[in-house]
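Chemist: Each chain is listed here by its residues.
Protein chains: 2
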Amino acid sequence: MSMIEAAKRAREASIQLAAMSAESKNQALEAIMTAIMERRDEIKSANKVDIENSKKEQVSEPILKRLKFDEHKAEDVCAGIKSLIGLTDPVGKVQLQTELDDDLVLTRIAWPIGVIGVIFESRPDALVQISTLCLKSGNAVLLKGGSEAKETNRILFEIIEEASVKAGMPQGWIALMESREDVNSILAMDQYIDLLVPRGSNAFVQYIMKNTNIPVIGHADGICHTFVDESAKIEMAVELVVDSKTQYVVVCNALETLLVHENIAKDFLPVLQEALKEKGVTIKGCERTRNIIACEAASEEDWKTEYLDYILSIKIVSGLEEAIAHINTYSSGHTDTIITEDGVNTKIFMNLVDSANVFHNASTRFSDGFRYGFGAEVGVSTSKIHARGPVGLEGLMIYKYQLEGKGQIVADYASGKKSFKHRQII
Amino acid sequence: MSMIEAAKRAREASIQLAAMSAESKNQALEAIMTAIMERRDEIKSANKVDIENSKKEQVSEPILKRLKFDEHKAEDVCAGIKSLIGLTDPVGKVQLQTELDDDLVLTRIAWPIGVIGVIFESRPDALVQISTLCLKSGNAVLLKGGSEAKETNRILFEIIEEASVKAGMPQGWIALMESREDVNSILAMDQYIDLLVPRGSNAFVQYIMKNTNIPVIGHADGICHTFVDESAKIEMAVELVVDSKTQYVVVCNALETLLVHENIAKDFLPVLQEALKEKGVTIKGCERTRNIIACEAASEEDWKTEYLDYILSIKIVSGLEEAIAHINTYSSGHTDTIITEDGVNTKIFMNLVDSANVFHNASTRFSDGFRYGFGAEVGVSTSKIHARGPVGLEGLMIYKYQLEGKGQIVADYASGKKSFKHRQII
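So the protein lines, in turn, are chains A and B. For the first sequence, position 57 (counting from the first letter as 1) is numbered 57 according to our numbering, and the numbering increases by one without interruption. Plus 426 on top of the position in the second sequence (first one is 1) and you've got our numbering.
One or more hints might be untrue.
So, partial list: chain B residues that the calculated Cβ filter (under 7 angstroms) puts toward chain A [claimed, not checked]:
#	residue
1	G540
2	M776
3	F785
4	Q828
5	L829
Bear in mind the hints are in silico, worked out from the structure with no lab data behind them. Note that the structure is a prediction, hence the values are computed from the model and not measured. In this text, a Cβ means the ideal position worked out from N, Cα and C, and glycines have one as well.
Only chain A is shown next, with the shape it has when bound in the complex:
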């Protein structure tokens, strides 16, 4: 089947899937969970083939690690499905209800977006995670995986498709694109795909964002900042910076650039340097920073760099205003924090920093769907429309308007014979 045919089928199936009951979708999720556990040996064997082939092609160690799908991963994805089953069904939720006039009731209900395109690199567990998220939210899904995970993706897809269709989901709601047509063909399918969710490296997501007209949920990079204000408690600031930078360095919500108020720099920086030394962090400082502590020199390029490594750039600023201006210039709009005991400065920072997540006295690492309590995460978005920040199931939803009448015509309202009442019900 060609990609276009699969996309057309998915579009048709999406109509049926959108109207499926919460119960039937949850039953399908249960069936998928059972099938994955029952057939985990098959998955393991397929995964072995992928790993051996990748080793032959001398694929790098981190990619091999992401590629692995063992017993542990099977349990992980099933735990994810289980918690997904427990979430409230997002479809059909009434968002707004207005009586436009007697017997003329407008209702806006949450509704699935339609067809979600998912392009992912080596991690086959992403296939399970995102396709079950789509199922729960009533969306059809077109999957395009990396060739290095070909065998694992195929068996996982087969299991999910078979179990879900047997449980009553419409044929074609999920499709795996395996043809030789490349990722660029998907990026051009704006006629069939309503939203793209890329899963992979930053370079990969950036490539996708720049080469499609289809809306994308994702983030190209995460250059996160912390500003230590003059009234900050030094001990708290050290703890927060160490956690933000080192708790997990390769992620988008890790700290990359620290801004320090000039009036606290002399007291704060030597203590911070000690703490970061213990964690093996290299500091790159501006000239004023280097007058206080010994470190490498930071250049303009550093303010634009997401290290994803044990490196921190530091700049001393004259105060709140300069800190905010620096962040709004160099931040990727992901997560930025102020550490201060000053309530007024907190409010100004939170209002004027134009990022999806603005924090006060908390680690940048908190910006994450699970920590936010969303239960399931579609991704983190740095887009300015639709969904911003950590995106839960809600990000896969839009709405539709339903109007229930008794034969009303607009001519009566245009002529003044009748007039609108607009009574808000919900």
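Here the structure of chain A is known, so what remains is to put chain B in place on it, guided by the hints.
Modeler: Below, chain B without anything else, positioned relative to chain A:
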């Protein structure tokens, strides 16, 4: 000033504008209203120049009509601003609040999108309407008008900028792009513009949608359907079809294709034909329709055509399923209606028709922001993300997450020393 410079200034101003109080924005709107009324003679003179130049260039009558900005238009736009002032300020509304743990509170608040790009054809009143909508919602705005309205646009822009900045709005929040650089330069400014709102003909909107990576609120066309089910009341069906088709033919929510259940066709079509004849509507029918009433033949092309004229295409279908399939194939996803007395069919139709507005026993002409009670309309969107259907002020909003902590670090939660509580407050 180059377009890029104006865009950079707008980006900076948008940060300040987003944090402006409801009161100060309303004062600025009042000031704009007063200035427009005070300087209406200046506007009229400028408009005269545009109209004379356009006449010289033999611009068509409908464009000349749209171009006109007289006393009446000035009063209209001021009435619009007045009602805008009365609307609740959308900025800062708390959408969600969760205590992640003791003293660690996450709040999601509605926030302006940032910089809105508005490209409009000949109607200068669109400039006033959309820029005041942006001001109310705390968004900066870049305007690019048609050259035929150059003088009117310039004076309106000057009035709005001067009055609003004097009233405390940040310099640069509004910019008029008059340089010779063309519309395509705007379409490429995805670094500065967060959302595009095109105002103009369908061909114009379609061109914009196809030639930019910036998200667009709008609709290329409106091929709306009405399905007359076998249980429909004939009198009601005739009234609704006549209203949907003829109440105002040149608009996106006017009816273009009528689907009729085969069991009611013989009784219904002759009555309908009489009623449509009175209004001067030409019917184009499928073969089965032409076996019942005399009319022109409809071809495949008709199902894809938005006439925006006194023409209606009619197709007889075998029942609900065929009607839904036809609509999901040919509808532009704008507004589609079922006329029926059957509750089960209503529910199926409303669930399975994949359009922004699905109606039961009501005219398609109701799908409109003012009739829906939104007070102000940004446009009608056929997009599947962010905003769908008639879009009010809400369509110019996104949100930001604010996290208030007391020094919490993620390491404590990762190690199991602490655990999340996720207590929903709002």
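Chemist: Minimum Cβ distance from Q828/B to chain A below 7 angstroms?
Modeler: Because about 5 angstroms separates Q828/B from the closest Cβ in chain A, which is inside the 7 angstroms limit, the hint holds.
Chemist: Grab the minimum C-beta distance from L829/B to chain A and call the hint holds if it beats 7 angstroms, violated otherwise.
Modeler: 4 angstroms, holds
Chemist: So, as I understand it, the hint says G540/B touches chain A; can you test that by seeing if any CB pair is closer than 7 angstroms?
Modeler: 5 angstroms, holds
Chemist: Does the interface hint hold: is F785/B within less than 7 angstroms of chain A, judged Cβ to Cβ?
Modeler: Holds, because the Cβ-Cβ distance from F785/B to chain A comes to roughly 4 angstroms (cut-off 7 angstroms).
Chemist: A closest beta-carbon separation below 7 angstroms is what the hint needs, so does M776/B meet it against chain A?
Modeler: 5 angstroms, holds
In this structure, none of the earlier numbered hints is contradicted; all agree with it.
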